[in-house]
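Asker: Sequence:
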Amino acid sequence: MAWIYLLIAAVFEVVFALATNATEGFTRLGPSLLTAGAAAGGIFFLSLALKTLDVGVGYTVWTGIGSVGTVVLGTVIFGEEMTVWKALAFVLIIGGVLGLKLADRLSSARPSAAA
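Be aware that the sequence shown starts at 1, since it is given in our numbering, and climbs by one per residue.
Hints were generated in silico from the structure; no laboratory data involved.
The reader is advised that the hints may include incorrect statements.
[Claimed, not checked] Computed cross-link-like contacts, SDA-like style, restricted to lysine to any residue with a CA-CA straight-line distance of at most 20 Å: (1) Lys101 / Ile4; (2) Lys51 / Ala39; (3) Lys101 / Thr63; (4) Lys86 / Val72; (5) Lys101 / Leu73; (6) Lys51 / Lys86; (7) Lys86 / Gly25; (8) Lys51 / Leu100; (9) Lys101 / Thr52; (10) Lys86 / Gly69; (11) Lys101 / Val68; (12) Lys86 / Ser67; (13) Lys86 / Leu98; (14) Lys51 / Leu7; (15) Lys51 / Ala103; (16) Lys86 / Thr75; (17) Lys101 / Thr75; (18) Lys101 / Ala39; (19) Lys86 / Ala2; (20) Lys101 / Phe26; (21) Lys51 / Ala2; (22) Lys86 / Asp54; (23) Lys101 / Met82; (24) Lys51 / Gly41; (25) Lys86 / Ala103; (26) Lys86 / Leu102; (27) Lys51 / Gly69.
[What the hints assert, rightly or not] Across the chosen pairs, the derived CB separations fall in these ranges: (28) Thr60 / Ala40: 33 to 43 Å; (29) Leu73 / Glu24: 30 to 40 Å; (30) Phe78 / Ser107: 19 to 29 Å; (31) Ala87 / Asn21: 19 to 29 Å; (32) Ser108 / Gly30: 33 to 43 Å; (33) Met1 / Gly99: 15 to 25 Å; (34) Glu24 / Lys86: 41 to 51 Å; (35) Gly25 / Ala103: 13 to 23 Å; (36) Ser107 / Gly30: 18 to 28 Å.
Backbone N, C-alpha and C fix where the C-beta goes; we use that ideal spot for every residue, glycine too.
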């Protein structure tokens with residue numbers, strides 16, 4: 001369930017970033033309220049995920065998914081430029097996130113040394 005919470009937290013992170021862009025320096029009420037709500041939602045679901053995930057893994061995955069999602073949607077919604085180098089960097093981030101997920105699964109499958 002922690003990974004589902006983490007995915008929900010990452011969606012809130014993307015909404016937070018995109019809404020912040022639309023606040024125009026927090027001068028627009030609607031996007032400003034959405035930004036605050038998305039920030040609170042992201043932190044809430046991240047905290048649920050961190051009940052069982054290591055903070056290093058959880059936070060890294062949260063920011064990684066949030067970063068990639070923000071760049072993809074920023075390109076689609078705001079017409080931001082996507083270069084080959086940016087795309088390669090995001091592929092590396094996605095690979096790192098998948099690697100952390102696999103590492104978490106492998107470490108939880110092994111009996112702990114303290115047991």
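Asker: Each hint should be assessed against the structure and marked as holding or not.
Answerer: Verification of the supplied hints:
Between lysine 101 and isoleucine 4 the CA atoms are separated by roughly 12 Å; this keeps the pair inside 20 Å, and the hint holds. Annotation: proposed proximity of lysine 51 to alanine 39 holds, straight-line Cα distance about 19 Å (limit 20 Å). Of the supplied pair hints, the one linking lysine 101 and threonine 63 holds, its CA atoms being roughly 14 Å apart against a limit of 20 Å. The hinted pair formed by lysine 86 and valine 72 meets the criterion: a straight-line CA distance of about 11 Å does not exceed 20 Å.
A distance of roughly 23 Å separates the Cα atoms of lysine 101 and leucine 73; the hinted pair therefore is violated under the 20 Å criterion. Taking the CA atoms of lysine 51 and lysine 86, the gap is near 33 Å; set against the 20 Å cutoff, the hint is violated. Among the hinted pairs, lysine 86 with glycine 25 is inconsistent with the structure: their alpha-carbon atoms are about 26 Å apart, more than 20 Å. In summary, the hint linking lysine 51 to leucine 100 is supported, as the alpha carbons are separated by about 17 Å, within the 20 Å threshold.
The suggested pairing of lysine 101 with threonine 52 holds, with an alpha-carbon distance near 13 Å, which does not exceed 20 Å. Of the pairs offered as hints, the one joining lysine 86 and glycine 69 holds, with about 13 Å between alpha carbons and a cut-off of 20 Å not exceeded. This hinted pair checks out: lysine 101 and valine 68 have alpha carbons roughly 16 Å apart, not beyond 20 Å. Among the hinted pairs, lysine 86 with serine 67 is consistent with the structure: their alpha-carbon atoms are about 12 Å apart, no more than 20 Å.
At most 20 Å may separate the alpha-carbon atoms for a hinted pair to count; lysine 86 and leucine 98 meet this at roughly 18 Å. As the CA atoms of lysine 51 and leucine 7 are separated by approximately 15 Å, the hinted pair is consistent with the 20 Å bound. For the proposed pair lysine 51 and alanine 103, the alpha carbon gap of about 18 Å is at most 20 Å, so the pair holds. As the CA atoms of lysine 86 and threonine 75 are separated by approximately 11 Å, the hinted pair is consistent with the 20 Å bound.
With a C-alpha separation of about 26 Å, the suggested pair lysine 101 and threonine 75 falls outside the 20 Å cut-off, and the hint is violated. Simply put, lysine 101 and alanine 39 have alpha-carbon atoms about 24 Å apart, too far for the 20 Å limit, and the pair is violated. A hinted pair counts as satisfied when its Cα atoms are at most 20 Å apart, and lysine 86 with alanine 2 does not qualify at roughly 29 Å. Pair hint lysine 101 plus phenylalanine 26 does not hold up; C-alpha atoms about 36 Å apart against a cutoff of 20 Å.
The suggested pairing of lysine 51 with alanine 2 holds, with an alpha-carbon distance near 8 Å, which does not exceed 20 Å. The hinted pair formed by lysine 86 and aspartate 54 fails the criterion: a straight-line CA distance of about 28 Å is larger than 20 Å. Simply put, lysine 101 and methionine 82 have alpha-carbon atoms about 27 Å apart, too far for the 20 Å limit, and the pair is violated. Annotation: proposed proximity of lysine 51 to glycine 41 holds, straight-line Cα distance about 16 Å (limit 20 Å).
Straight-line distance between C-alpha atoms of lysine 86 and alanine 103 comes to about 26 Å, which puts the hinted pair past the 20 Å bound. A threshold of 20 Å between alpha carbons decides the hint, and for lysine 86 with leucine 102 the separation of about 24 Å lies outside it, so the pair is violated. This hinted pair does not check out: lysine 51 and glycine 69 have alpha carbons roughly 24 Å apart, beyond 20 Å. A C-beta distance of roughly 21 Å is found between threonine 60 and alanine 40, which places it outside the suggested range of 33 to 43 Å.
Against the hinted window of 30 to 40 Å, the Cβ-Cβ separation of leucine 73 and glutamate 24 comes to about 18 Å, which falls outside the hint. The hint said 19 to 29 Å for the Cβ distance between phenylalanine 78 and serine 107, and at roughly 39 Å that hint is violated. Between alanine 87 and asparagine 21 the Cβ separation comes to about 21 Å, which falls inside the hinted range of 19 to 29 Å. Separated by about 42 Å at the C-beta atoms, serine 108 and glycine 30 satisfy the suggested range of 33 to 43 Å.
Taken as a hint, the range 15 to 25 Å holds for the pair methionine 1 and glycine 99, whose Cβ atoms sit roughly 21 Å apart. At roughly 25 Å, the beta carbons of glutamate 24 and lysine 86 sit outside the given window of 41 to 51 Å. Between glycine 25 and alanine 103 the C-beta distance comes to about 40 Å, which lies outside the given range of 13 to 23 Å. Our hint of 18 to 28 Å for serine 107 and glycine 30 is violated, since their Cβ atoms are close to 43 Å apart.
Of the numbered hints stated above, those contradicted by the structure are hints 5, 6, 7, 17, 18, 19, 20, 22, 23, 25, 26, 27, 28, 29, 30, 34, 35 and 36, listed in ascending order.
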